[in-house]
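Asker: Next come the chains, spelled out residue by residue.
Protein chains: 2
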Amino acid sequence: MGGALRMTAELAERLFETLREAGFDGIGITRECYADSESRALDIVEAGARRLELTTERDAAANLWVTLPGTEPSLPFAACGSHIDTVPQGGNFDGAAGVVGGLMALAALRSEGFRPRRTIRVIALRGEESAFFGRAYLGSSALFGKLTPQDLNQTNVRSGRPLSECMRDVGVDVERIARGEALLDPAALACWLELHIEQGPVLTARNLPVAVVTGIRGNIRHRAVECLGEAGHSGAVPRWLRHDSVFAVAALLTRLDRHWCELLERGGDLVLTTGIAGTDPHEHALARIPGRMTFSLDIRSQSRETMAAFYDLFTAECRVLTADRGVEFSPGCRLEAAPAWMDARLTALLRRELRTSGLTDEPIPSGAGHDAAVFANAGVPTGMIFVRDAHGSHNPGEAMEIADFMIGVNILKRTLRELTA
Amino acid sequence: MGGALRMTAELAERLFETLREAGFDGIGITRECYADSESRALDIVEAGARRLELTTERDAAANLWVTLPGTEPSLPFAACGSHIDTVPQGGNFDGAAGVVGGLMALAALRSEGFRPRRTIRVIALRGEESAFFGRAYLGSSALFGKLTPQDLNQTNVRSGRPLSECMRDVGVDVERIARGEALLDPAALACWLELHIEQGPVLTARNLPVAVVTGIRGNIRHRAVECLGEAGHSGAVPRWLRHDSVFAVAALLTRLDRHWCELLERGGDLVLTTGIAGTDPHEHALARIPGRMTFSLDIRSQSRETMAAFYDLFTAECRVLTADRGVEFSPGCRLEAAPAWMDARLTALLRRELRTSGLTDEPIPSGAGHDAAVFANAGVPTGMIFVRDAHGSHNPGEAMEIADFMIGVNILKRTLRELTA
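Quick mapping for you: the protein sequence lines, in order, are chains A and B.
First residue of the first sequence: 631, per my numbering; consecutive thereafter.
First residue of the second sequence: 631, per my numbering; consecutive thereafter.
Some hints could be false.
[Claimed, not checked] Listed next, with one range per pair, are the computed distances between beta-carbon atoms:
# : chain 1 : residue 1 : chain 2 : residue 2 : range
1 : A       : Gly743    : B       : Thr952    : 57 to 63 Å
2 : B       : Arg888    : A       : Gly898    : 50 to 56 Å
3 : A       : Asp991    : B       : Arg949    : 35 to 41 Å
4 : B       : Thr952    : A       : Gly898    : 47 to 53 Å
[Claimed, not checked] Far from chain B, by Cβ distances over 12 Å, these chain A residues were calculated:
#  : residue
5  : Phe654
6  : Thr660
7  : Thr697
8  : Ser794
9  : Leu858
10 : Pro868
11 : Val876
12 : Thr903
13 : Gly921
14 : Trp971
15 : Ala978
16 : Arg982
17 : Arg985
[Claimed, not checked] Covered stretches of chain B, as calculated for chain A (at least 3 residues, CB under 8 Å):
#  : segment
18 : 654-666
19 : 715-725
20 : 818-830
21 : 885-893
Keep in mind the hints are simulated off the structure, nothing from the lab.
Cβ atoms here follow ideal geometry from the backbone N, Cα and C, with glycine treated the same way.
Using the sequences and the hints given, assemble the complete structure.
Answerer: Okay, structure coming up:
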């Protein structure tokens, strides 16, 4: 690490430490969205930015903007950042890493004497986590005028107060938000680059400090698919006369698992989860063939087409098992969330900078949602960098090494420089 | 049906009707073991036997014996019968069919003018069902001195009164039973033949009125096998880093299902049931890779060797999945019940009489337990005949056709005649 980077690392560590002290709730870190703890964190970041002689301002949604002015301010500006809020009893890095990371990239560019043509901004967003109001991406959605009156009426799970009131308390111009007014024209942005800790175990397993994100997985979900067979005496009904719901569901999941393997071998992106499964406690028994089993299904992919094709496999296999085993599947309500692809040019640029830094380039998808999806779906060219975290996210044990973080900051900085030179 | 058989059928119908009226509880039939309703039913059978000029007596366990004396009373006697009690809100035929069936066989033999060398007896047993005291086969176990003091202390689930008291109330000589005294030397019996309704759907599915029973399945059981994997974010953990308990259990059950099919194709006898299965309600979620799933296992076979071999396959597949998927299986306590084979000579004789009657001979195992297992395990040559019942057993809908019943009675009668001539 060069001298400038080492100084930046120390600055980042101090900022993370100040944020940790301010957000500590006795167990983990809580920066509640549209509440004092979130505002306090933004104030800490803003003070840090001012010490770096960067200009700061708040938008009408009370997000913090930090600016390194370009020599041609009429050009679309380059933006980076992430969210500052956390889940209750969360960790210090989910969100804040991208905010501090953006600030450090600007600090490094300035210390290099770099004068960008385009203005570069860090946006520290509020309200990404859904834990307090049930809806995620509040700060970034507000930026693009995407919050509905229904969203603004959502109540805080603790205080019961509506989002609009909580927003007003921290300085949001609620009337503009409620009108659905975009605070930012997507065309005014050249890009959105978001550095974020990985919320899965891949980078740790692959021993990689960082990776470029290829896209954010969408999902197709069923909360409770019902498999109806026929109950019977476990000793007295031979196999050929059974309509066993548990064996039918086991066969279904095993077939889907095989399709999943084949899809991965062909280079497709998919994760498949049955998080909830069970026989009916009101009627199940050790010596009774189970007549009813329910299970959840969560199909995720970066590709809408892959999800749709896999969903078709699911329904086709249900039909096969209905014919084979005389059971009926009732999937119930289907829930969906759209995937978001990262911008191809930005992703290529980030990967090039990563390889130029001598790092192994293994891009990975994001399984969790991010503000980046809101920017991407608003039409802003978007890229993401994941930084390794040993213990996942949304828990006090989030463990990002500052050395890994600085590798991510360096790639972010080089990419911003490339985009604004 | 010949004239004598038709008269016997009418007699049987009247007896079943009288038993039904006496046992009707408002919903189904309740003949509670070691209680008035059971005693009343035995009184009805005894009165019917006396009208047929058969001698009757009660043994020290208050079971009813009906006797057609043989010309050589020193020979081991031939016995048939079943139990008279029912589960709460049960049906009229589970048990009573074998009692009435034995009586009808004796009536038919007498009306044919047959004088047996060996004495023939119908034993109408009490207390076969476990519903009231938790232990099954009370009446037949008492016959062979197999009730323990612990059994006699079991309490009635409704009244809370101990079995010993309830037995005394209906005339049982509890002191003899408590001493473990055998009321009947197994060597004094030439055979035990039990006619019983089938408690499964096979005879209905195969359109057969009756079948000879090859054996009574034993079982190896686990109430709750635990599969421990690793919880994780359903979107962020790729397949190769998962330790998904639900997919591991699904794979296990699918592998066992395949072994089961292969075993059946090779002519083995087995039924396999996971009646209870589920993720942990305290930690499962739609978007969470399930870290823990539990499931029950009920392996049943007529063959101890088959059960043991299949159990070995179960543990072997658990080991394979532990290696493949990084999950751990903890089976917990293993419960066992021994199978009982029917006597080869008696089974051959019953099958011969069945074929001689022009019927299709498809012998089947019994998946549920019966008093016949107690006789068989006491060393008495034992055979069973199943009669078709459309709606299983232990419910008010038990539906045995009198024509099917009489086919069974006829085979029972012919076999008894062969054994005692």
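Asker: Sort out which numbered hints this structure fails and list those numbers smallest first.
Answerer: 2, 4, 10, 11, 12, 13, 18, 19
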